[in-house]
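Student: Residue-level listing of the chains:
Number of protein chains: 6
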Amino acid sequence: MILKGPTGCGKTRFVEYMAAKLNKPLVTVACNEDTTASDLTGRFLLSGDSTDWHDGPLTAAVRHGAICYLDEVVEARADALVVIHPLTDDRRILPLDKRGELIHAHPDFQLVVSYNPGYQAFGKDLKPSTRQRFGAIEFHYADEAAEADIVAHEGEVERNIAVRLVRIAAQSRQLRGRGLVEGISTRMLVQAAALIRSGIDAPAACALAMTCPLTDDDEVRTALDGFVRAQF
Amino acid sequence: MILKGPTGCGKTRFVEYMAAKLNKPLVTVACNEDTTASDLTGRFLLSGDSTDWHDGPLTAAVRHGAICYLDEVVEARADALVVIHPLTDDRRILPLDKRGELIHAHPDFQLVVSYNPGYQAFGKDLKPSTRQRFGAIEFHYADEAAEADIVAHEGEVERNIAVRLVRIAAQSRQLRGRGLVEGISTRMLVQAAALIRSGIDAPAACALAMTCPLTDDDEVRTALDGFVRAQF
Amino acid sequence: MILKGPTGCGKTRFVEYMAAKLNKPLVTVACNEDTTASDLTGRFLLSGDSTDWHDGPLTAAVRHGAICYLDEVVEARADALVVIHPLTDDRRILPLDKRGELIHAHPDFQLVVSYNPGYQAFGKDLKPSTRQRFGAIEFHYADEAAEADIVAHEGEVERNIAVRLVRIAAQSRQLRGRGLVEGISTRMLVQAAALIRSGIDAPAACALAMTCPLTDDDEVRTALDGFVRAQF
Amino acid sequence: MILKGPTGCGKTRFVEYMAAKLNKPLVTVACNEDTTASDLTGRFLLSGDSTDWHDGPLTAAVRHGAICYLDEVVEARADALVVIHPLTDDRRILPLDKRGELIHAHPDFQLVVSYNPGYQAFGKDLKPSTRQRFGAIEFHYADEAAEADIVAHEGEVERNIAVRLVRIAAQSRQLRGRGLVEGISTRMLVQAAALIRSGIDAPAACALAMTCPLTDDDEVRTALDGFVRAQF
Amino acid sequence: MILKGPTGCGKTRFVEYMAAKLNKPLVTVACNEDTTASDLTGRFLLSGDSTDWHDGPLTAAVRHGAICYLDEVVEARADALVVIHPLTDDRRILPLDKRGELIHAHPDFQLVVSYNPGYQAFGKDLKPSTRQRFGAIEFHYADEAAEADIVAHEGEVERNIAVRLVRIAAQSRQLRGRGLVEGISTRMLVQAAALIRSGIDAPAACALAMTCPLTDDDEVRTALDGFVRAQF
Amino acid sequence: MILKGPTGCGKTRFVEYMAAKLNKPLVTVACNEDTTASDLTGRFLLSGDSTDWHDGPLTAAVRHGAICYLDEVVEARADALVVIHPLTDDRRILPLDKRGELIHAHPDFQLVVSYNPGYQAFGKDLKPSTRQRFGAIEFHYADEAAEADIVAHEGEVERNIAVRLVRIAAQSRQLRGRGLVEGISTRMLVQAAALIRSGIDAPAACALAMTCPLTDDDEVRTALDGFVRAQF
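Chains as they are written, first to last, in numbering that gives the first Met the number 0: chain A, 0 to 231; chain B, 0 to 231; chain C, 0 to 231; chain D, 0 to 231; chain E, 0 to 231; chain F, 0 to 231.
If you are wondering where the hints come from, they were derived from the structure by calculation, not from laboratory data. Hints may be right or wrong, so weigh each one.
If chains are identical, the list can't say which one is meant, so a pair holds when it fits in one copy or spans any two.
Below, in silico cross-link-like pairs of lysine to any residue (SDA-like), each with a Cα-Cα straight-line distance of 20 angstroms or less [stated by the list, open to error]: (1) K126 - R172; (2) K3 - K126; (3) K20 - E157; (4) K20 - D54; (5) K3 - T27; (6) K126 - R175; (7) K23 - E153; (8) K3 - P127; (9) K126 - D216; (10) K126 - R177.
So here's chain A without its partners, still in its complex pose (with noise of 0.2 angstroms):
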């Protein structure tokens, strides 16, 4: 199954959620421009006199039957995104060529993977091979309101300062292709709520958890500190 959405969207949350609910165990892999198919399946270790091989994430997942999360999967590097082939057709098998083993997927075990459409201006894109071999979801920032009730709970502020920080949310997100890559996610909402519960003033907080961290452009950050001034 392939996840889209932006970043902080709850793609995260999302397969936490579905592991928990279908009671398995779940293996996350954050990929990066370096993540190495050994990365995944593991490789020879040094342990005092003699190497030793260690099991990578993947090839634990496959083992034992837990569902295995790769985010942000367009990031790896080629040689990692081809260990998944043959584990998402028909024949379920993950080959370890550097021990010289063929390992058979256990019948529990399930691959997600994840990425951001919006990165795709960094040549970043999965290959039509790769993505026919995936059923696909799309997520998007969930609605105003339960966004607002999202950054209230979890960052433990009046449902009022929330539905505030959610309307300056959407605002940036209207400049996401002019200026800005993403607008604010509703982590960086939950982060800003935070600070101003414990006590710092609600422009500050702003500033600290979600303008300055967001942009280093002069006019985009002028833009977006008028509509922390307009709520707050």
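Keeping the supplied structure of chain A fixed, place chains B, C, D, E and F upon it in accordance with the hints.
Tutor: Here is chains B, C, D, E and F on its own, set in the frame of chain A:
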């Protein structure tokens, strides 16, 4: 033999069928941009204190007279394509440089490679001197009636449903080169049919198995969703 | 926490001050384009006949609860930035792949990174998914009065001299983006002040410590020398 | 000696004929972009506990006085071309750096290289200082009558069939530079003839052995199929 | 300290003079694009059966309190420039990662680097954060009278000859940026003078030591030869 | 000393002559884009169980006082050019980093390098700081009369034949920059003369030894063949 055709049109199935009909073992290698000569021919692996040679899939096929099928062969690295050269002329030999061994191919050994001409836009192509070593067969998606039969049979849905799915696919294939690298494949149709059969309503099944994995482009997605709505 | 601001404006000083105030050990790493994950986490080193593991600065800070300060973090290589990811979310863990060890961060461990937004013209930037993990504080040069106090105190010159030096710096900072990547920093002012105090006449000290190191461009140099002559 | 000419026009046959006529052993190396100096000169290989030196094909030819034929020499990597330099001037020596050995060429040793000038569009060319070391002979496809004789003889078909196949090839060679890197080679004609002789009808045999492997371009393919239809 | 100025204007001489005057040992490293951190700090070398650490030139200078002079420092690789950073701020330390040793610089240790601003066209430049760590002195060729003295003294020719050579050099330096990267240096003048003194006639000596090495451009060469003819 | 001039004009011959005249051993290294510092200075080689150091050609010349001739020096890699720097100034030393040895050059050691200014179009050039270390002599092809003498003598043909060959070469050299990187060299003329002497008729000998190796361009070839026909 070269098999040319789009992803998921049945090239692999054809090879599996021929292997079964000829009663020969089949060794399939899904090539990718990290497939090297060693991945095909074999390597030395640690086993306890010593290092032992393990034949790769091509070597095993050459020794024992199997059909070796290199899927998406244009993806493999140049040195991987090179090891097949002496196998595909009069010599029919496989030199294993690292072992200092020269294998004469078993008389039953056959080599089949496939690639997708639609991917040439990515700059991947076979060299003329490689092409000259093979005969070639072109594959296309089955015509609509035959494809509907396949979808109805493999997805276990009524022919009525299968016909509509095939129409969506036919329309999506018109978008090739206009926003899509490839249209919806037969394989995706079978997956959508299986979801419909499991009780998911048709538009949701089409989104999950067909339109959502296929593209991240909003305009193309809207067009695809229109094709779905026109059928269901 | 991210600290953003120009070179030599006091980011490092701020971290040192906070570490002293919080009574925590501080581990500083000046990142550069050859800073790898191993430079941060540690490596095996030869010691006589055997190879022993030596913790890198980040690992030491994680184990013992220090503040780890990564200066100019955008310079570091991608794999170095990646090792901080699991440290900066709920997990607060540091995996040492090469050792097969997983360290849970000491409760006192804190991570502070800094970068200079003015260098983004060089194509160095943080990824959105990294930015989301941090709060951020913006630094600017101190205002002229405060900066003069600093220069007078640190350079041990009369306030009168310090004021003139600060005026030169303020003018040079107007040239940012018009021939200069950065203006004269507070650090350079302190160096010039110290030279003046040691008996070198002011224009020569300004050339030696400020205008000559700052640029090789004849036009910009002439402008800077004009600023110096206007004060001394 | 340099042999220049298109793929499949008989360069390799010519060398084999000359070797037979001169009664000298022939060592053929098909060069490719991964052919390194070690592939030509030899390397140390594991054999049980020790590592033994194994002469490469060029070294063997130099030692024992064979003809060494480097096919498609422009494909080889620069260091491979360099090892032949001291062999091709007055010195006639082959230095084996890794072994610390210097071999004086056997008096019977001869070096023949070939390349296809039609591939220069790919940026592959010999350096002037390399060219100066060789004499050169140009090869072309045989004239139509002679080529028909070859096809009839090698493909074991009636001359009538061979003549028609040769006409198709002649027309295809007009397309060189207008959509085709190379026309249909004599080798392809022989393969098509052999298929016809095995009972496949002529248009299908031409598609399988000639037009389908040669191109993926729809327009060029249509032109080639037209040439076939005009003959059969 | 940074010394800036054209090739052969006396930067190295200046450092040698200062070292002699201060009665300190001098360690000179001519940097180039393959100069790595290990070249400066040291490496493990084979000596019989064991591997011993050998201090590099920078390490030796740091330990024993010498002046270390890095000539053409912008040529060195990034990691080489990085090892000097902790040496050039308050810390004055040199970390030897590979040995796990941290050296505190000897109080007499001084670091001088030089580069040629005229080479910046080649894309080589110091980073602002590196420049900030140094004071800088600019060097120019000596004025014509002083340069004639130097040439007469070092080349052991009559002042009359030296004056004419210096005039040629002065004219050549006008061509900087118009076909020449650099004009004729003082060093070249001394070499030409020495050739004249050894009995070679002046135009031939100028060609041999000055104009022929300086350029391969026919037009520029003609201009330079004109300057020579005007003097001799 | 730098020798500049086209391929095959006699630079190597000149060095051999000077070495013979000065009664010094000569060590020649043909540089290429894979020539590294180790190729010049030496390396550790396996010999039975131990690894022994073997001096490279430059090291041998430095130790024993030979002339070292680096042919086509601009082809060598940057680190190879760097090892000659300390040999070509006052120091006359060769540091062997890998061995931890520093060799002071034998008083008789001399270094001569050559390159072909006509190849600068390929982006190969010497750095100004390298050029400054050498005197330079320019070489041209001999004038027609002298070149005819050489061809008659070395190729053992009548002067009449040699004169005609030289005329062809002179015309071909007019094509430099208009389709040819270099014209026909003296060396090629000698080879053609030798073929004529062995009984091959003149036009065929010229094609084999001169025009066919020189170019793959049909137009240029036609022009060259015209020059040949005009003489024979």
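Student: Each hint: holds or not?
Tutor: Status of each hint after checking the structure:
When the C-alpha separation of K126 and R172 is checked against a cutoff of 20 angstroms, the pair qualifies only between copies, where the shortest distance is 17 angstroms, while the shortest distance within a copy is 28 angstroms. For a Cα distance limit of 20 angstroms, the shortest separation of K3 from K126 qualifies both inside one copy, at 15 angstroms, and across copies, at 18 angstroms. In this assembly of identical chains, the alpha carbons of K20 and E157 never lie at most 20 angstroms apart, being 29 angstroms within a copy and 33 angstroms across copies at closest. With identical chains, the CA atoms of K20 and D54 are never at most 20 angstroms apart, being 26 angstroms at best within one copy and 39 angstroms at best between copies.
For the homomeric pair K3 and T27, the shortest alpha-carbon distance inside one copy (16 angstroms) is at most 20 angstroms, but the shortest distance between copies (31 angstroms) is not. Taking identical chains as interchangeable, the C-alpha atoms of K126 and R175 lie at most 20 angstroms apart only when they sit on different chains, with a minimum of 15 angstroms there against 25 angstroms within one chain. Neither within a single protomer nor between protomers do K23 and E153 lie at most 20 angstroms apart by alpha-carbon distance, with minima of 25 angstroms and 30 angstroms respectively. When the C-alpha separation of K3 and P127 is checked against a cutoff of 20 angstroms, the pair qualifies both within a copy, at 15 angstroms, and between copies, at 16 angstroms.
For the identical chains of this complex, K126 and D216 are inter-copy neighbours only, at 14 angstroms across copies versus 33 angstroms inside a copy, given an alpha-carbon limit of 20 angstroms. Taking the closest pair of Cα atoms, K126 and R177 come within 20 angstroms of each other only across two copies (17 angstroms); inside a single copy the shortest separation is 27 angstroms, beyond that limit.
Of the numbered hints given earlier, the model fails hints 3, 4, 7; all others are met.
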